[in-house]
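Those sequence lines, one after another, are chains A and B. Here this note's numbering is used: the first residue of the first sequence is 1, the next is one more, and so on. Here this note's numbering is used: the first residue of the second sequence is 1001, the next is one more, and so on.
These are computed hints drawn from the structure, not numbers from a lab. Computed from a predicted structure; not experimentally measured. Don't take each hint at face value.
[Claimed, not checked] Okay, derived cross-link-like pairs now, SDA-like style, lysine to any residue, Cα gap no bigger than 20 Å in a straight line:
| no. | chain 1 | residue 1 | chain 2 | residue 2 |
| --- | --- | --- | --- | --- |
| 1 | A | K618 | B | D1013 |
| 2 | A | K562 | A | V546 |
| 3 | A | K432 | B | K1022 |
| 4 | A | K624 | B | K1101 |
| 5 | B | K1099 | A | A622 |
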Amino acid sequence: MPTAATQTMIGQANPTAIMFFLAFVVSTLAITYWAAKRTKTTKDFYAAGRSVTGFQNGLALAGDYMSAASFLGIAGLVATKGYDGLIYSVGWLVGWPIVMFLLSEPLRNLGKYTFADVVSYRLNQRPIRAAAAAGSLVVVLTYLIAQMVGAGTLIKLMFGLPFEVAIVVTGALMISYVIFGGMIATTWVQIIKAVLLLSGATVLVFMTLNKFGFSYGELFKQASTATPLGQKFLEPGGLVTSPMDAFSLGLALMFGTAGLPHILMRFFTVPDVKAARKSVFYATGFIGYFYILTVTIGFGAAVIVGQKIIMGVDAGGNMAGPLLAEALGGNLFLGFLSAVAFATILAVVSGLTLAGASAFSHDLYVGVIRHGQASEKDEVRVAKMATVGLGVTAIALGILFKGQNVAFLVGLTFAIAASANFPALLMSLMWKKFTTAGAVLSIYTGLAIATILLILSPTVWVDIVHKSEKAAVDAKVKALDASFKSSTEALGKYKVIAGNKAEIDKAIADEQTGLEKKKVALAELKDEKDRAAQIKAAEGSTAKTVEVLQGLAIIDTAAADKLLADAKPKYEAEKKEASSAMPKPIFPLKNPGIYSMAGAFLIGILASLMSPDREAEKKFDAEKLREYIGVGAED
Amino acid sequence: MATNKTALQILDDPDFKALVSKKNTISIILTIVELVLYFGFVGLIAYNKPFLAQKISEDSATTIGIPIAVMTIVLSWVLTAGYIFWANTVYDKEVQKIKDKMGG
């Protein structure tokens, strides 16, 4: 059977992919050109002239939210871990109803261009805009870096393009869309991407289910035997260990969605609340449908492509979707899907950049530096400069973080969005006694607690800061495991010949010929690293067996039995000792959401109660008229 | 200003007050339903993995956790549909009524 490396076209310059991708770039640049002529005012630049319909905005929201990480990452997680991947996909969706019930309509009626408009509506503008801009910019930057590094890695995997080139191309396109076409171009890039991604995934799922007679039961039946996990593949496993971890991550995912500035910003692009709520309904439907497709793709890939090949191409499983597309639709479909994945990255980073530029220009420049006094022309000019600044920063940081583990950045993004942005926004809408001090302190508290605790958490403190110590302990434990396994096996197998010199010499010779044979077989392995590792393991195992055999030469079977009985406790003690050297996180949870959100709410409430603001309370009633009836809402 | 006065009167209008409290109640109830739905699912993962690992029938490999996860996604969407139905049929009409009181 040919190995994965010879079978797949992934990682090579694929003419179909390049053709599809060029078609996407040309059409989106044409749209940008068209949009540029329609982008004159701040309202056009930030909010597409509030002319986006509910359905279009629903698609664009979905396009903003369905990142390459969720498309390739969740399919990969399902293909490698099974049910645990499904748990994640549920978490990514459940924030949307919260956005619908609590935020979409008030945002539309109270806001102009950024969610800071809403938080500061009846409070002191400058300090709140400064804080909200800080929250937005940190979220945008961390998410942008994660997306950029992901983009570079994925594009390298799919097209064979060098990492740096991929990042510069992505950055340059993203800057062009935003700077020339503003929100109009960004919206259309997101709509086109959403349609391509949803239809591509639908076709892939159709072809997958076709293999199983359109029966999910059959798909799962085959999935339960397709992997080494067996039936466990369809059960919740080790990804979620402690209940607190599960709840904390769940909170961050759910309320993080409701605090992402590039998502919140989309509610300013529709003409009225009716369109705002309609757009969440469509977005939730599209995103939910998409996650169900992605999970199907993951299980399908595990059965049709097989875990061995998937993990051979990329250990994280990220290529499960593209590999399945190649297996079912050949090179043409692989090319199409690769181009769609690239388009997906572009749409998400464009939305993020625009949200970051708005926070910088509308909140920091106009709101804080110019005390709200700036001409529209000036504001758009600064927003465009901020776009270039953010774009160049994202490119530079993306290249700087090359090869780093950036998975924690997504967790950080959602934790900060849930803790810095969401609590202040919710309290300003719901609580009459909320004050400026409360809002500002709540935002900075959420930002600080989320960031500090995440650095002290296992995700960063152990996996990144103490990476080498962790690797050393892991290697030691692995070596102990291997040594225990080979020595007990050898003892069990050879204890009957204990004390018999001739038999033992023969066994040693047999073991050594066995090793030579195994080495010859292993030389067939294509992957150099894998081959070296397997050969080393085989050598280690034989050396241990020979050592045991030499020991057996001078004892009898009863003594060998005792050795065998003693081996386990000794191994366990050694393992425990080795594991105790494992670096410990200072903060135990993988995601700080539960503490950082609680902190932000608590400080927001306490600070507000300690600094009562009569003016703000009075304005709360007047705010209601605009919030609920839409009187005075921005056209 | 005349409109301002009307606006102030509207704030004390019982219909407006009822509308605000009705809208808030609906929003909060639906939010709580969504929280229970999702954290119920998370709770099952955290505390009762064996329940989710049960097969849906003897001769099937599908575990009960799969339809539960998919239903969590689908029900979340159904909730947004429920809200939009209420807003379109009840809320918007009452908003219009109040707008009429304000003389457009």
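To see whether the hints hold, each was checked on the structure:
no.	hint	verdict
1	A:K618 with B:D1013	holds, 17 Å
2	A:K562 with A:V546	holds, 19 Å
3	A:K432 with B:K1022	holds, 17 Å
4	A:K624 with B:K1101	holds, 16 Å
5	B:K1099 with A:A622	holds, 15 Å
Violated hints are absent here; each numbered hint is respected by the structure.
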